[in-house]
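*Asks:* Sequence:
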Amino acid sequence: MTDMQRTQIVILGGGGDLSRRKLIPALFDLYLREMLPVDFHIIGLGRSERSNEEYRALIQETVATYVTPKEGKHRTLKDFCDRVTYISGSFDEPATYDALQTELERFDEEQGRANRLFYLAVPPKYYGQIFRDLQGSGVAAEADGCWTHILVEKPFGHDLETAQALDAELAALYREDQIFRIDHYLAKEAVQNILSFRFANTLLKAPWNKDAIESVTITMTETLDVGDRTNFYEGVGALRDVGQNHLLQLLALMAMREPEEFTVEAIRNARAEALRMLVPVEQDTLELSVLRAQYDGYKTHEHIPDTSETETYFELRVEVNLPEWEGVPFYIRSGKALDHSEVSVTVQFKDVATGMFETQSCLSNGNIVKLTISPTQVIEIGLNAKAPGLGFQLETRTLRFMCEKGDIEIKNSYEKVLYDSIIGDQTLFTKTEEVIAAWKFISPIINLWQDLPLHSYKKGSPGPEQTIIQL
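Going by my numbering, the final residue of the sequence shown carries number 928, and the count climbs one at a time with no gaps.
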């Protein structure tokens, strides 16, 4: 990618967990693939006191831990590290931004004015301050022929009110084409394949509606408990953590109408429309639409009060107010400390147990399309076929499509996030209308479900005995 413009990448929170586990490995892998600009500069900004040499040593340790060994890696790691510098400072001190500006200008003077990409790998409580200080200090100012992009991790706001306030603040400081709201699940191969499978194949495009589909179930389960994230998790809960963003985005991709054209704006508008059409959960439908639970032992974690009502598991029954989805339930289920880890979308088609094969028991199940996003990325289609043998008996056979196989294998979805943000492609980033529509659906649930019982479940189990999911 030798035609990419020179770019400076600033990671605010450069010594943090996200930077070490995801961002640095992704940037190094892009470097090995020659998918970064020829002239690039990475600046890590963090509160810990480190020299450039100490930060580069941390990067070498990070690469050794998180990057799959590749032939020739030892020949390029030093060159990569030579392009990295570190700045120590607090996010709320003007001196930090003065030091950052000095380092950015040093590179500009040596190489020529470069684009500037700012990645906020910090807790959301710092967002507002950083947005203001980046702009107020002049660090984020755009020069002729160069761009400034701001990358923001989820969660974007704590509820509808805070999301709207944060969005208003962003809009006053930056243009929408400068803001990249990250949902890294949208960058996974299996998720990107939803569009191609739905709209590029008559086999799936024609029956993708209420006439053929019985239900859609979106699942995100983890075997891990909250671990050392208690300070964050207690104030957030499962619904805010993954429901408002990752899982509603998956629902939008499954329910959205076909975009009018293959453009960034058309795709994002289609996702936003689907989210706006979610039927609000009301008080009289609450018990049939919502379930929340907490695993046994959650309150024994450090910093968790005995009175905690924070959910570690939830189920939602969602309807989409579009004619093609009338009466079709979309189930969303997520939880921690469960019996297995999986992120998937299962489309249950209606039974076809009529006609010449109505006595065949397998037809009572209907066809199934399952998109697994984690731990593997695979799309499976269950079809009814004749079982081998002298008689004529039907059985369900599965076609499997491995999304990760190919000449270029992207194991870290942050590679796609970073690459697209550099080339300016916002397709896989959420626009403000999507964020606000999601919060408009989720915030009333959070306000209402305090009246519902908080169920319990054992760690390592499938979840609570109670369920609202009907399959």
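No wet-lab data here; the hints were simulated from the structure. Errors might be hidden in some of the hints.
[Said to hold, decoys possible] Taking lysine-lysine pairs in the DSS-like style, the calculated list, with each CA pair at most 25 Å apart, reads:
no. : residue 1 : residue 2
1   : LYS582    : LYS535
2   : LYS611    : LYS807
3   : LYS873    : LYS479
4   : LYS888    : LYS479
*Asks:* All the hints need checking, so say for each whether the structure fits it.
*Replies:* Okay, the hints, checked on the actual structure:
With a C-alpha separation of about 35 Å, the suggested pairing of LYS582 with LYS535 is violated against the 25 Å cut-off. With a CA separation close to 36 Å, the supplied pair LYS611 and LYS807 exceeds the 25 Å bound. Note on LYS873 and LYS479: the hinted pairing holds, with a Cα-Cα distance of about 12 Å set against a maximum of 25 Å. At most 25 Å may separate the alpha-carbon atoms for a hinted pair to count; LYS888 and LYS479 meet this at roughly 23 Å.
In summary, the numbered hints that this structure violates are 1 and 2.
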